[in-house]
Structure formats: structure tokens, C-alpha cells
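Number of protein chains: 2
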Amino acid sequence: MSDLLARLGMDHPIIQAPMAGTSTPAMAAAVCNAGGLGSLGLASAGADGARKMIAETQALTNRAINVNLFCHQTFAPDPARDARWIETLRGEFAKFGAEPPALLRDIYKSFLIDDDMLEVLLALKPQVVSFHFGLPQKEKIAALKKNGAVLFSSATNLDEARAAAEAGMDAVVAQGYEAGGHRGMFDPRASDDQLSMAVLTEILAARLSVPVIAAGGIMNGAGIASALKLGAVAAQLGTAFVGCAESAADAGYRAALASEAALHTTMTAAISGRPARCLANKFTSLSERGIDAANIAAYPNTYDLGKALNAAAKAKGETGYGAQWAGQGAPLARFLPAAELMAALISELKSSLKENP
Amino acid sequence: MSDLLARLGMDHPIIQAPMAGTSTPAMAAAVCNAGGLGSLGLASAGADGARKMIAETQALTNRAINVNLFCHQTFAPDPARDARWIETLRGEFAKFGAEPPALLRDIYKSFLIDDDMLEVLLALKPQVVSFHFGLPQKEKIAALKKNGAVLFSSATNLDEARAAAEAGMDAVVAQGYEAGGHRGMFDPRASDDQLSMAVLTEILAARLSVPVIAAGGIMNGAGIASALKLGAVAAQLGTAFVGCAESAADAGYRAALASEAALHTTMTAAISGRPARCLANKFTSLSERGIDAANIAAYPNTYDLGKALNAAAKAKGETGYGAQWAGQGAPLARFLPAAELMAALISELKSSLKENP
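Keeping their order, the protein sequence lines are chains P and G. Following the numbering used here, the numbering of the first sequence begins with 1 at its first residue and continues without gaps. Following the numbering used here, the numbering of the second sequence begins with 1 at its first residue and continues without gaps.
Check before you lean on any hint, since a few could be wrong.
Same chains, same label: a pair holds when it works inside one copy or across any pair of copies.
[What the hints assert, rightly or not] No more than 20 Å apart at the CA atoms, straight line, and that leaves these computed lysine to aspartate or glutamate pairs for EDC-like: (1) K145 to D292; (2) K146 to E87; (3) K316 to E99; (4) K145 to D115; (5) K95 to E260; (6) K282 to D250; (7) K282 to D193; (8) K125 to E99; (9) K307 to E99; (10) K314 to E99.
What the hints contain is simulated information worked out from the structure, not anything from laboratory work.
This is chain P alone, in the form it adopts within the complex (with noise of 0.2 Å):
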């Protein structure tokens, strides 16, 4: 047991990835009192949101709870790159009978600039506060700890790693090339050597003084027996959970998982404005036909758009324009009650441990 769970109250090195969006409070608070740890995402819910759910999730367990806050930084309003990206797709609105928004906003506040949601964590204390897309400001992170979180923060390379490490993160998430979802990538715009979760978790073991956690493909008791021998102290799971009972994930998105539309995943930008890997659908085939990456609004104008043409595609029935994230490793899910899986996960993760080959 390493220090970092013992400290957390763990029973199990398991974690449920934030996922904004899909992650619940029952989902969470499941997780936690299976001896795990749930984890919610809030970069989409807003100060009020996140008070709502923290408390709905503190309702439900006294087990640390886990909150993930994205850190991107905020660019300058760019209404002409808006207008370019809302003409490239305005002829997929079209199929649908409907018409794109005039304009794109930018939907989700970065943890940067949002100091209500520091006055939520600060009044109702999750035990620990993770980090996507980057790091916060000093102050944010010294008010943070001396109020007794714990902090993550998420890193795909060794430059990010080393930059939580020094921030005064207490652990690093090795996200993964194969991870679903957003990839945590600090600067979007940068080469991306799109490490597996496998060699990042190995390399940022062995180079960091900070505890890993590994991310990227994980969907069973034996892919953490496995993150556990290349030197993660725990493993996080999210598309894992996405199938689970508690899952906000609609029924397009559960469908799609459960198909063999599983076996293939894209990393794209086209859906939110930053890369972030989905279930191979409508939308992630707009992507491989040539838009020109440079049309694409940034982050997370590019987003509401998104949302919107899902909107007008589910309106007509048509569930294959959502942002149905998911890992590699969809192939392998499972859809069942968050702590049945949770049982089955720590089942598996004795059996592989003893079994030697």
C-alpha cells in the first residue's frame, strides 16, 4: 500500500477518472465506498454546479472524494475563426434541418480565472483536487494545500510531469496516448510524442520523486496489475466506468460503446477544439475526410458547436455526432452497477497479482 492511497483512505489502487459530463455523484461516491476513488468532473458544471455536486457526492459517502478542474489557458475572442469553423460544418447542420449558431461561446470557465470554484473547494474540502490541461497559479495551488488537499495533476510527457512535480502536485496522472477523452496536453499547440500509458508511466517512475498514477487503456483487473508492475501506485479508469449504471452516457453513447464501433477510436480536435479521443462515429469520420485544422475554433468555442450539431442530429435520431470519449481499450467494457464493477476489478487485481506465469 503506498503512501499516497494510505493516506487517502484507499483500500484499492483504483480511480475513477473525473469525465465531465458523464461522471455522477452516485457513480463517485459508488466508487469511494467500494474502497476506490471516485472522482468528479467539473470543468463543465460552474461554481454552482460543483457545490451541487461535491455536496450530493459528500451525501452519499465520508470516503476522499476526488474533483478535476481544467486549467487551459483562455485566448482572445476570434469571431472570424468562429465564422470559419461554423460555415465548415454548416452543411452537417443542413442534414438535419437546422441551422448552426450565429456564434460560438466559450462555454467552460478555466480554473485560471474562476475564483468562485476556488471558494467552493476551499468551503467544502473534496480531499483531493486534480488538474487537466495544466496547472493553476501558485496562490490557488498554496490555498489549496494549506486547506488540506491533496492535488494531481494530470501530464502525457516527462516536461509536464516534471513541472506538476515542482508546482507542488502530490501526484502525477500518466495519461496515456490510448486514454479517452481529453488528452491533458499543457499547450495544444505543441508537438505531442503520444507516449503510451505503458512507457510514460515507466519513465515518469523512474525519473520523479512524486507517486504516478497510470491512465490510458485501462479496463480490468489485469491492465492494473499491469500499470502496478511498471511502478504506478495506482490505476485510473474511465471509460471503464462510462458503461456503468450511475453514467450520465445516453443510450447513443452506451450503444455505440457496446458495438463493435469500439475497436476503432480517433484522437480529434474537430469536436471541442482540443485533441481528445472518441468512438469512431459521424462526427470523428467529418474529421478524417480533410478539414483543414486550421478552420477549427479553439477551445472551447469549437465545443459549442459541437454540442449544438449533436443536438440537432439527435433531434432527428441520428446519436452518431456525440462526443462519445473513450480509451483504446473500449473493446473491453463493461456495463454494469459502478460497484459491481468495482468488485470484479478488485477480484481481478488479487487473481493477477498471484498468478504467475
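Given chain P, put chain G in place with the hints provided.
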């Protein structure tokens, strides 16, 4: 101990990857004599060279050896496309006071059309024959199996792996996206799901009835243990052996592998004409500076030019144009004689399987 390992008389689930141009009879024999499976990459050797390398290896070990052939499709000559590619790189040759060749040659004969190579294999009877880039014709497979050979094929996805199993392969090498060197996809024009070693190994182990060998990013005993947990019967390591005393890697390649450059590898088709993972160097930076992929000549004609450019650069002391193939695990490379590396891997593997976190 799996049936496959027992059949091949292997003491340890460790395969040294073939690595045409880098592996040597001395390397392969040292691995075999240490209880692993040593391999020769014969794709660039031709039938006469192959005969010599196999005989040399057999003189150094009585254990099973693995020889690897490329089964790439051969395309009709396209001198106009070759000429465009020569012009694209003319400026690079000029930096070293050199002229590119006037014509590109089809320098590697595919095993699909190399009956002399088949004769060598039937005569010298290496115990394992493995294939990359696709599968040989039924008649060649039948002749080799009748002659007692155990057959492996690389696969980068489930479809390729199923085709390999159906064609009679005795094992499939699950080549993850993080693997160094040439990506084994059967059709280089097909869309690539870029599955990681961990994900691909788990999916193939779950869905195939033939044994799965994990490849990509594995550099030490912990990595091997990790792959075994995912269902692999053995791990295949390439980059881990590049720095061995017995390797044919030149000084520039070794120096790059030992440097911080190892933190960055790139999948590029610009060196050989097919996607291959290389240490970040002058050649890969060329490919990132917006070369039009449509201008790259076919494999292996592109490689003929790539080798000429490397020779021109090396003649002036510049080693940054080499085909410095390496997987993402390159920062974990060691520089030991193969027997010492094998001893370390075996010892690390035992410890890793014993230690339960």
C-alpha cells in the same frame, strides 16, 4: 511456461526483435544461449546474405532461432513519383555537397516473390520464421510448416491478427504503436487505430486462440512482467537490444539513443516510404516541416533515397539522417553485451513477478 515456449525450448519469455540491419548473428545467438529467442532480420539481406547469417548463427547456438521476412506488396514502378521525391530532398543533399541519385531502386525483394529465400529457409531450417507487413502465400506457409517451422506474424490490429491466425500462424506479435522501426500494418494506406501495446495485447489475448507476443516500448523485466499480466506468452524487445555490443547500430545511432533525443520519437514515412518510428533527428524534423505525404515515393524506393542521404550526410560528419529506429521506451535503453542484458532482464522479470504491491 506456455506451450509455445516449451515447443521452442525457451527458458524465458523474452524475444529479441529481428531489426533488419541492426541485429546480428552474434546478438541472436547470445539471446538464444541465455534461454530467450534470438532473431535475425533478413529483409535487407537477400537470399545469399540470409544463408550466411543463418549459418553463422547456427554455428553459435543449438537453440531455436527466429528469422524475419518482409511480405510487403510490390507495386508497379512509378518513376514520376520517385522523381518528385528526389526533387523534394535535393536541397538536403546539397547541404552536404552531394547530388541525389537519378533513379530509385526497389532495394528489398518481398518474400512474396522471393523463391530463393524460401529455398534457403527450407534448407537451413531455422525453427521460427516470422513475417512483417503481411502474410506469405498459402503454398509458402504450407511448405514451411511441413518442413517443421513455427510461424509468427506481426499484427497491429484485430483484423490483421485474425487473418494471421486463420492463415496458420502459430503466434501473433502484437505490435503496439509505441514500437520502434517499421509499423507492420498489412496495408500502409489503411486507416490506423494506433493501438498501444497494452491495449492490443489484451484485445488479441481475449479474442484469439493462438498465443500473443507483446511488442512495443518494453525495455526491462518490469515491462515484460506487465505484458505477461495482459495475457502475452512472451515479450519482444527491439530497442532494448539496439545498444548491445553485438548490435550493428553505428556510433551516431548509439549516441542519439543515449542522449535526451531518446525522449522524442516520431512515426514517419519519409525515411523508407512506410510508417516507421525513429528517434527525433534531422530526418524526422524534415518530415514534420510539412513534407507533402503524397510526394513520398513507395516503399522501399524511398528508403533507397533515405540511405543515400544518410551516406552523403555521414560523409560530412552529420549523423542526424540515419534510420535511427527506436520505440518510445528509448529513454530506458541500456548499453550492455547481449548476454548481460539478458541476465538483467531475467532477474528483473523474476523480481517483478514476485513483488506484489
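We went through each hint and held it up to the structure:
1. K145 to D292: Classified as neither: same-chain Cα gap 43 Å, cross-chain 49 Å, threshold 20 Å.
2. K146 to E87: This pair counts as neither: shortest intra-copy Cα distance 48 Å, inter-copy 62 Å.
3. K316 to E99: within (14 Å within a copy, 61 Å between copies)
4. K145 to D115: For K145 and D115, the Cα distance is within 20 Å only inside one copy (16 Å; across copies 69 Å).
5. K95 to E260: neither (25 Å within a copy, 50 Å between copies)
6. K282 to D250: Intra 16 Å, inter 47 Å, cutoff 20 Å: intra-copy only.
7. K282 to D193: between (27 Å within a copy, 16 Å between copies)
8. K125 to E99: neither (43 Å within a copy, 68 Å between copies)
9. K307 to E99: within (13 Å within a copy, 54 Å between copies)
10. K314 to E99: Intra 14 Å, inter 59 Å, cutoff 20 Å: intra-copy only.
Consistency with the previously given hints fails for numbers 1, 2, 5, 8, ordered from lowest to highest.
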